[in-house]
Amino acid sequence: MSETTTEREVMEYDVIIVGAGPAGLACAIRLKQLKPDLMVAVIEKSPEVGAHILSGAVIEPEPLDELLPGWRDKPPPVCLPVVDDEIAFLTAKSRHKLPTPPQQRNHGNFIVSLGALCAWLAPQAEALGVDIFPGYAAAGIHYLPDGAVGGVIIGDMGVDRDGKPKDTYMQGIEIHAPLTVLAEGCRGHLSKELIERFKLDADSDPQAYGIGIKELWQVAPGKCKPGLVNHSIGWPLDTKTYGGSFIYHMDKDRVAVGFVCALDYSDPEFSPFEAFQQFKHHPSVKPLFEGGEILSGGARTIIEGGAQSLPKTEMPGALLIGDAAGLLNLPKIKGTHQAIRSGMLAASHVAEKGNGDGFDTVLRDSPIMKELHKVRNIRPGFNKGLWRGLITAGIETITAGKLPRTLHNHADYSSLTKLKDMKPIDRHWVKRDLAPRDRLASVYFSATDHDEDQVVHLQILEPDVCITRCGEEYGHPCTLFCPANVYEMVEDTDSTAGKRLQINAANCVHCKTCDIKDPYQIINWVTPEGGSGPNYQNL
Amino acid sequence: MKILVGIKRVVDYNVRIRVKSDGSGVDTDGVKMSINPFDEIALEEALRIREAGNAEEVIVVSMGGNECQQQLRTGLAMGADRAIQVNTEGDLQPLTIARVFLKIIEKEQPGLVLLGKQAIDGDNSQTAQMLAALWDRPQATFASKLTLSGDTATVVREVDAGLETIEVDLPAVASVDLRLNEPRFVKLPDIMKAKRKPLEVISADELGVTVENDLEISHYTPPPARGKGIMVEDTAQLVAELKTRGLV
Amino acid sequence: MSRTLIIAEHDGKNLNPSTAKCASCATSIGHDFDIVVIGASVSDIASQAAAIDGAATVYSIDADHLAKPLAANHASEVVAMADGYSHILGPSTTFGRDLMPRVAALLGVNQVSDISAVEDAYHFKRPIYAGNAIVDVHAPETVKMVATVRVASWKAAGNAGSAAVEARSASSQASSHTRYVSLESGGGERPDLQTAARVISGGRAMASKENFDLIYDLADMIGAGVGASRAAVDAGYCPNDMQVGQTGKIISPDLYIAFGISGAIQHITGIKDAGTIVAVNKDADAPIFEVADIGLTADLFTVIPELKQLLG
Chain U
1 MSETTTEREV MEYDVIIVGA GPAGLACAIR LKQLKPDLMV AVIEKSPEVG AHILSGAVIE
61 PEPLDELLPG WRDKPPPVCL PVVDDEIAFL TAKSRHKLPT PPQQRNHGNF IVSLGALCAW
121 LAPQAEALGV DIFPGYAAAG IHYLPDGAVG GVIIGDMGVD RDGKPKDTYM QGIEIHAPLT
181 VLAEGCRGHL SKELIERFKL DADSDPQAYG IGIKELWQVA PGKCKPGLVN HSIGWPLDTK
241 TYGGSFIYHM DKDRVAVGFV CALDYSDPEF SPFEAFQQFK HHPSVKPLFE GGEILSGGAR
301 TIIEGGAQSL PKTEMPGALL IGDAAGLLNL PKIKGTHQAI RSGMLAASHV AEKGNGDGFD
361 TVLRDSPIMK ELHKVRNIRP GFNKGLWRGL ITAGIETITA GKLPRTLHNH ADYSSLTKLK
421 DMKPIDRHWV KRDLAPRDRL ASVYFSATDH DEDQVVHLQI LEPDVCITRC GEEYGHPCTL
481 FCPANVYEMV EDTDSTAGKR LQINAANCVH CKTCDIKDPY QIINWVTPEG GSGPNYQNL
Chain S
540 MKILVGIKRV VDYNVRIRVK SDGSGVDTDG VKMSINPFDE IALEEALRIR EAGNAEEVIV
600 VSMGGNECQQ QLRTGLAMGA DRAIQVNTEG DLQPLTIARV FLKIIEKEQP GLVLLGKQAI
660 DGDNSQTAQM LAALWDRPQA TFASKLTLSG DTATVVREVD AGLETIEVDL PAVASVDLRL
720 NEPRFVKLPD IMKAKRKPLE VISADELGVT VENDLEISHY TPPPARGKGI MVEDTAQLVA
780 ELKTRGLV
Chain Y
788 MSRTLIIAEH DGKNLNPSTA KCASCATSIG HDFDIVVIGA SVSDIASQAA AIDGAATVYS
848 IDADHLAKPL AANHASEVVA MADGYSHILG PSTTFGRDLM PRVAALLGVN QVSDISAVED
908 AYHFKRPIYA GNAIVDVHAP ETVKMVATVR VASWKAAGNA GSAAVEARSA SSQASSHTRY
968 VSLESGGGER PDLQTAARVI SGGRAMASKE NFDLIYDLAD MIGAGVGASR AAVDAGYCPN
1028 DMQVGQTGKI ISPDLYIAFG ISGAIQHITG IKDAGTIVAV NKDADAPIFE VADIGLTADL
1088 FTVIPELKQL LG
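Protein chains in written order, with the working numbering: chain U, 1 to 539; chain S, 540 to 787; chain Y, 788 to 1099.
For reference, chain U alone in the conformation it holds in the complex (with noise of 0.2 Å):
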């Protein structure tokens, strides 16, 4: 946030909301509905509702159907039901088709496009008198004197890479009201700093995160089964690092596929990018994909900690719902119906009672949290491997959770075994031919823009640590962790170590990774100017 002297002018709202996911506009819609009078903005740093969303997704209609019963007379652009659902196990050279898990068993639910999902849930919240306002990032928390927060700063635009205004300078506004709704996702910016300031996770476990990276393709004419739900586990990980693939067969020869990786992987050379083009060659899933294009890609994380991981959710002046909090059920991989559902209470909530105190226990005795204590122990029960994990993992599913006891979660950032104590494991990667040849190349298909002539929004705390320690200690995972290649160590003869780091800013995909994996925790992602970074077309 850029330090300024004059004051900044206001703009006053009943509820500010941060983020126009389905958390946000389900909140912002719900809210309306109950309370018409009530004064509603969200605020969403991409340039249009949907741009820097992306998930697989299969969702579960039902919080949908409560929130806009008429829904399925007039579904989002991308929408088709559920036909069939396959998982499977895959060796280097095999796939085993395993039997459907229940939280697998998606029939009565559909494949969409979560940021066409949102692009079209947001009109739906502008009709009812919702203020929605894309393209401005909220930079800031605006606290009030007695410490509670009292809304948010729009961050500054127009500002160069050393932090001095240009011609076209704008200073961003604050917004301020009664309550701040954060629906940021996954390690929002403004969340982290929240849950930081006023110590909302000093009752729960570290938060388990993981990395989603997705490609749309147009395939070969022929090769689509609309309705098809595929996913796997095994290669191309190994037994220590958890996570899998989906692929998800759309309308007009359309498929998405993805593969996310748990972020509390051991190995610092291991690629979470690399390890997805690896699952499109496997012999099972190549021939999907040869003759067809890649239409868009891009990369999210996923936050994977569940009951345990809960921080509380209110605050003075503020509420946590969504991904912001973390209500992705990962069992079932999904979290848009929980979003969805916690934007609800949220309104309802406060729609009653006219402000957020005692949300959290309200979430707490809800169906939402019902739904996360109920799988609780599955995510933990793989920080002891695969095998461990699946077996740990049927018990709960049979016990339905039952068993007096819950396995704690582990911080990702301290997982990274170091380099000298690693030993060669051997993943079984094959030479790969299929687009996209490497991040690069991918980060092209994310349309993701940025001005560069501003200052770079990823901040690192000790700069000294890539060069003294990180070299040595881990080899730079930054380099290799994150999926659109901002960090780069280059050649540098005038630095003591004869190299530096290198952040190619411009091609960020906003997925957080580095601010949770990085070891020593001095990568902080904060908002680049609203506007800026992915350009989703119905991933």
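Quick caveat, the hints were computed from the structure, so don't treat them as lab data.
Fair warning: there could be bad hints in the mix.
As the list claims (entries may be wrong) - Computed, partial: chain U to chain Y, Cβ under 7 Å:
| no. | residue |
| --- | --- |
| 1 | L440 |
| 2 | A441 |
| 3 | Y444 |
For glycine and all other residues, C-beta sits at the position ideal for the given N, C-alpha and C.
Given the coordinates of chain U, work out where chains S and Y should sit on it, guided by the hints.
Relative to chain U, chains S and Y alone:
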């Protein structure tokens, strides 16, 4: 004086456009639409002229279906005083656009009409010149600097040979180029103010213009892909190859 | 009647190569074609035009007020000649793009911009969406066809022609409302990157700002413009107005030579319409070799001095 600014709703410049597989057009389904970047520059220039005290009113005009009201509202949020939508269906070719514009000019009597030099979809670069011809007024195309002085404007134009300066008597039409200015950001409160500014909707029929698109555009294809060429062994071979192809 | 008129482009001394390219397009259209040279004291230029292969007659219109190409004046001259022609062509240069639409509107017809290929006399191909799509355009056969010719798509016609040269008197008066003031040539001797016919670029492998002198020297030797990849600009080797690529300049020179540039899609987007792409890179796997017309796997620091020797 009044300034008329033409703005066109186009596919956003960030969108990677795809040709529909049946060749009938470009896939604009669910794609982000924005004000043509050159038109934004034209509007910015008009606003600066008004702020300098040389115009009283900036009017943004767009032709198309009701969707283009989104872009007109953005124009109003940037600072235009009022907006006019000429409600039409389907694609319009520049000659028709120029004819419609002329009718609006006859009604509004502006001192200056500012347009983008081309739209990033059609890349025609014709409307400003055609309008000037029909209006029998000067055209100052590819403007990178515009200075008003009473009833004349001195315009620096970006031409292949460098920068050409011409002087035109107002009223005139200018088409703007990239380096003229950098458009301002829209302030949030101004988005709210824009909702209350006047936006008039009229039809081409009401203006007495028949839509005449007599160029038939069809068979959209992606550009031919560049394939791998030849590899040479050394510099000498490289030079030989370049000479054979007449490139050096 | 089926006859084509080409509006010649010149700078007062010499014919611009764009005219010969229009001639190639006219030849493809198939009708006999004439060329008109409009200006002041243009007899020499008219002779140059008369040498263009295929031209039947070159008309010269000579008048003081036509010394500089102002569309307001030139358009009247073209319209006065238009009766005898079914097709009127100009180049898609700033000259032609300024003039031709005014002509079209005065004749009451639509214009086809940027013809990149001719299928037949009323059927053309042209790029739209910055070249990301190509379309077919069918112009009506009942009215005059006014168009600009995309110069990057056409080879210049040969110059073994011998057209007749005929003087015509000007029919326009000096415009009362538009006046030419001055022209400032693109600064320096090096051609402007955006419009240069030949461009040499350096990438991160150049390793330093000083090493870019190698590129500048080679460029000056062959009269080329100079560009750079984003990586080179980010590393501080050169200013960012030299950046070629998706977020820099999109250029279409006849010849593009890339030294030490890996060829990420973002860079290739900036040069996809170049005539011939030459790549020199130490890394045989660099993606640029997938699109380069001529590739050389070698160290640029060896190749550049060798090139200077062989071309000097």
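Quick rundown of the hints versus the structure:
1. L440: Interface hint status for L440(U): holds (4 Å vs cutoff 7 Å).
2. A441: 5 Å, holds
3. Y444: 4 Å, holds
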